[in-house]
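Note that the protein sequences, when read in sequence, are chains A and B. Read left to right, the first sequence gives residues 1 to 421 (UniProt numbering). Read left to right, the second sequence gives residues 1 to 326 (UniProt numbering).
Hints in this document: simulated from the structure, not taken from any laboratory. Values in this document were obtained by computation on a predicted structure and should not be read as measured data. Do not rely on the hints blindly, as some may be mistaken.
As the list claims (entries may be wrong) - To be clear about the criterion: a stretch of chain A counts as covered by chain B if any three or more of its residues have a C-beta under 8 Å from a C-beta of chain B, and this derived list gives those stretches: (1) 72-84; (2) 161-168; (3) 250-263; (4) 378-385.
Think of the CB as a built atom: it goes at the ideal place given N, C-alpha and C, for glycine as much as any other residue.
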Amino acid sequence: MKRHLQFMTALAGATLLAGTAIAAELNIVHGSVGRDQEILRAQLDKFEAETGHTVTIVSMPESTTDQFAQYKLWLAAQSSDIDVYRLDVIWAPQIETHFIDLMPHVEDIIGDFVPGAVESQMVGDKLVALPMFLGAPALYYRSDLLEKHGKAVPETWQEMTETARAIMEAERAEGNADMWGFVFQGAAYEGLTCNAQEWIVSFGGGRIVENDGSIGINNPQAAEALTMAASWVGDIAPDGVLNYKEEDARGVFQSGNAVFMRNWNYAYALGNGDDSPIKGNFGVRTLPTGGEGKPSAHTLGGWHLGVSKYSENQEEAIELVRFLNNYENQKERAIVTSRPPTLTAVYEDAEVAAEQEFIPLWKPVVDGALPRPSAATKRQYNEVSSEFWTAVHDTMSGNGTAEENLAKLEARLKRLKGAGW
Amino acid sequence: MSAAPDISPATARASARTSRLSRERIRSAWLFLAPMLIVLAGVALYPLYRTIWFSFTDASLDLLGEARFIGWRNYLEYVDYGNGDGEWFGLLADSRWWRSVWNTVWFAIVSVSLETLFGLVIALVLHKKFPGRVWVQAAVLIPWAIPTIVSARMWAWMLHDQFGIVNDMLQRIGLIDAPVAWTASPETAMIAVIMVDVWKTTPFMALLILAGLQMVPRDMYEAARLDGVPPFRLFRRVTLPLIMPALLVAIVFRALDALRVFDIVYVMTPNTDATRTMSVYARENLFDFDRFAYGSAASTLLFFIIALITIGFIYATRMNLEGDER
Numbered sequence: 001m002k003r004h005l006q007f008m009t010a011l012a013g014a015t016l017l018a019g020t021a022i023a024a025e026l027n028i029v030h031g032s033v034g035r036d037q038e039i040l041r042a043q044l045d046k047f048e049a050e051t052g053h054t055v056t057i058v059s060m061p062e063s064t065t066d067q068f069a070q071y072k073l074w075l076a077a078q079s080s081d082i083d084v085y086r087l088d089v090i091w092a093p094q095i096e097t098h099f100i101d102l103m104p105h106v107e108d109i110i111g112d113f114v115p116g117a118v119e120s121q122m123v124g125d126k127l128v129a130l131p132m133f134l135g136a137p138a139l140y141y142r143s144d145l146l147e148k149h150g151k152a153v154p155e156t157w158q159e160m161t162e163t164a165r166a167i168m169e170a171e172r173a174e175g176n177a178d179m180w181g182f183v184f185q186g187a188a189y190e191g192l193t194c195n196a197q198e199w200i201v202s203f204g205g206g207r208i209v210e211n212d213g214s215i216g217i218n219n220p221q222a223a224e225a226l227t228m229a230a231s232w233v234g235d236i237a238p239d240g241v242l243n244y245k246e247e248d249a250r251g252v253f254q255s256g257n258a259v260f261m262r263n264w265n266y267a268y269a270l271g272n273g274d275d276s277p278i279k280g281n282f283g284v285r286t287l288p289t290g291g292e293g294k295p296s297a298h299t300l301g302g303w304h305l306g307v308s309k310y311s312e313n314q315e316e317a318i319e320l321v322r323f324l325n326n327y328e329n330q331k332e333r334a335i336v337t338s339r340p341p342t343l344t345a346v347y348e349d350a351e352v353a354a355e356q357e358f359i360p361l362w363k364p365v366v367d368g369a370l371p372r373p374s375a376a377t378k379r380q381y382n383e384v385s386s387e388f389w390t391a392v393h394d395t396m397s398g399n400g401t402a403e404e405n406l407a408k409l410e411a412r413l414k415r416l417k418g419a420g421w
Numbered sequence: 001m002s003a004a005p006d007i008s009p010a011t012a013r014a015s016a017r018t019s020r021l022s023r024e025r026i027r028s029a030w031l032f033l034a035p036m037l038i039v040l041a042g043v044a045l046y047p048l049y050r051t052i053w054f055s056f057t058d059a060s061l062d063l064l065g066e067a068r069f070i071g072w073r074n075y076l077e078y079v080d081y082g083n084g085d086g087e088w089f090g091l092l093a094d095s096r097w098w099r100s101v102w103n104t105v106w107f108a109i110v111s112v113s114l115e116t117l118f119g120l121v122i123a124l125v126l127h128k129k130f131p132g133r134v135w136v137q138a139a140v141l142i143p144w145a146i147p148t149i150v151s152a153r154m155w156a157w158m159l160h161d162q163f164g165i166v167n168d169m170l171q172r173i174g175l176i177d178a179p180v181a182w183t184a185s186p187e188t189a190m191i192a193v194i195m196v197d198v199w200k201t202t203p204f205m206a207l208l209i210l211a212g213l214q215m216v217p218r219d220m221y222e223a224a225r226l227d228g229v230p231p232f233r234l235f236r237r238v239t240l241p242l243i244m245p246a247l248l249v250a251i252v253f254r255a256l257d258a259l260r261v262f263d264i265v266y267v268m269t270p271n272t273d274a275t276r277t278m279s280v281y282a283r284e285n286l287f288d289f290d291r292f293a294y295g296s297a298a299s300t301l302l303f304f305i306i307a308l309i310t311i312g313f314i315y316a317t318r319m320n321l322e323g324d325e326r
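Please model the complete structure; the sequences and the hints are all you need to start from.
Set out below in structure tokens:
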């Protein structure tokens, strides 16, 4: 009897295996900022209900630098524990060998995606990750304070500095002692690379490493930009900004203690949340320019979904990636998190425009956003970025002048490059 | 085997028997030790050997199997530019590495000294009998019982320049006028890290020293009291020499721990030159950058530096590690 039962169970198992509808257990890993976790769980619940698979979220720290190290360990160990990784826009060239080529699986829909986003995830002919959402930072400003003190929204960094200082001093004189002028991401990590690249490019100082791999970062415009940034610390920005990441900056701005903030798009939805003290009292504009006739620059950010080569459930993982990036879910994410979507059509959606006016407004900014030199520097990007943020961080903490640190940076980058990237 | 002329057959037989006996005992001793030695070789020696091997290769984390031997290039290499000029490369010529070494040693010296001092004071207090002593003993241990990652995160928030409670309290009592960015500015970052480590590990020191104190025979104090020795002299001449062995062992433990400090620094101030320690440097190269071999070289040097410092300390203090009475 017992043996009979065992046989039946085995048979039943075999029939199930032969069929297509086996419920798989998937794991997706991401580093949550703002409401990412909440919305991802909600969308995964829908996926589970539709397909019968179960998906577990593995949550990582907010800092992209921390996430990368852990992912690299898992991938180098060829771990099958994680099926879907949410990857930073800059990582594709560094870890592409561990991911499957998604192109054959998304050929039917890839034309609907923002071309720049898709391009950033291509290594040769291989699509490493399917774009999930983009990022192009904004200058957040307190419209109520600008109005109260009769100031215009600044066009250039110089104007922003003056306006920030004037309002900060006026507010402090009125007893608002915790007021600051400007907060941004100044900790020594990838976020500082994004911030500093924007300052330097908007002053005409060029890229950290140009697209052809050449290094021209040691120039007077770059030094001017960094000198300006260093002058903020302890003046319009708190000293602590040297250890601020995204959420630290948002904490100060959203509690009403800063006039300006540079941050990614997610802060918009949170600032307008019902529990936000500054709800309805702030606006966004493109980042300031380096002066009359100079451009403004926005670093391209974003997070994209890749399927691990070592996953034992690749079929289902691909299904999940497609599901999370379909129109419905992208639209929902755009409305809830104010993260720019990767489907062109969502930008034109009337409902999105009504709920989250930031999204259509930001389409041109996203299109023109500036990638970091991850394609040019390939596997060495992290080290390049670390050298760059170290030079910037040193300058801002008063450890050498901008000129000295840029000269050092140039030498170090040249050494890293050697005969070629 | 012919008996030597000066040994009677009876003694020769006896010595053969004892030597057989001792041979057997040695054999069974090895037999009993074998499992532990095999495990040690597996979990300690082999990884150490691998790390040292990788430090002489060009390994990268993705392609560990394809590592090629490249000699000392990760440690030191002179690159000749071909025009009579040239430059030194490698770990031994890397100023950032030496900064990390200095940071680590500085951290170890300051934190271990403070922990020893505070630990000694706390242990002396806890050694006295007073009501509620058991509760105080338990309470003192709490910081040590909290996982480092949790306490470091907790302190990072408490030291935050805008929302942090530390700045708030210091401002309220008028010690500072403006909030200090403890973990952000290079001048205070190391102080903050050392402070948290002292807070966390002093209980451990106190516990070890207390154990040493409780070994001191009571009658010594009785005798000293009868002779009217003043308290400080009593401490200098009686207590301190008697707890010295325990104290030194505790210091070596802590120093070993402090020299490989990673978690506190990594959580509070990860990527700045002001606080980067040897372990943080090694990890950064191993995983963040695509330089597994270089990171292995850093790990290897870290191992030798810690070994050297420890041996030097044991030698300098003439510590008795045999456990027998001197």
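Comparing the hints with the structure gives:
As drawn, the stretch 72-84 of chain A meets chain B at 4 residues by the rule of a beta-carbon pair under 8 Å; at three or more, the given contact holds. Proximity of the stretch 161-168 of chain A to chain B, defined as three or more residues with a beta carbon under 8 Å from a beta carbon of that chain, is not established by the 0 residues found. Under the rule that three or more residues need a Cβ within less than 8 Å of chain B, the assignment of the stretch 250-263 of chain A holds, with 3 such residues. Counting residues of the stretch 378-385 of chain A whose CB lies closer than 8 Å to any CB of chain B gives 4, which reaches the minimum of 3, so the coverage claim holds.
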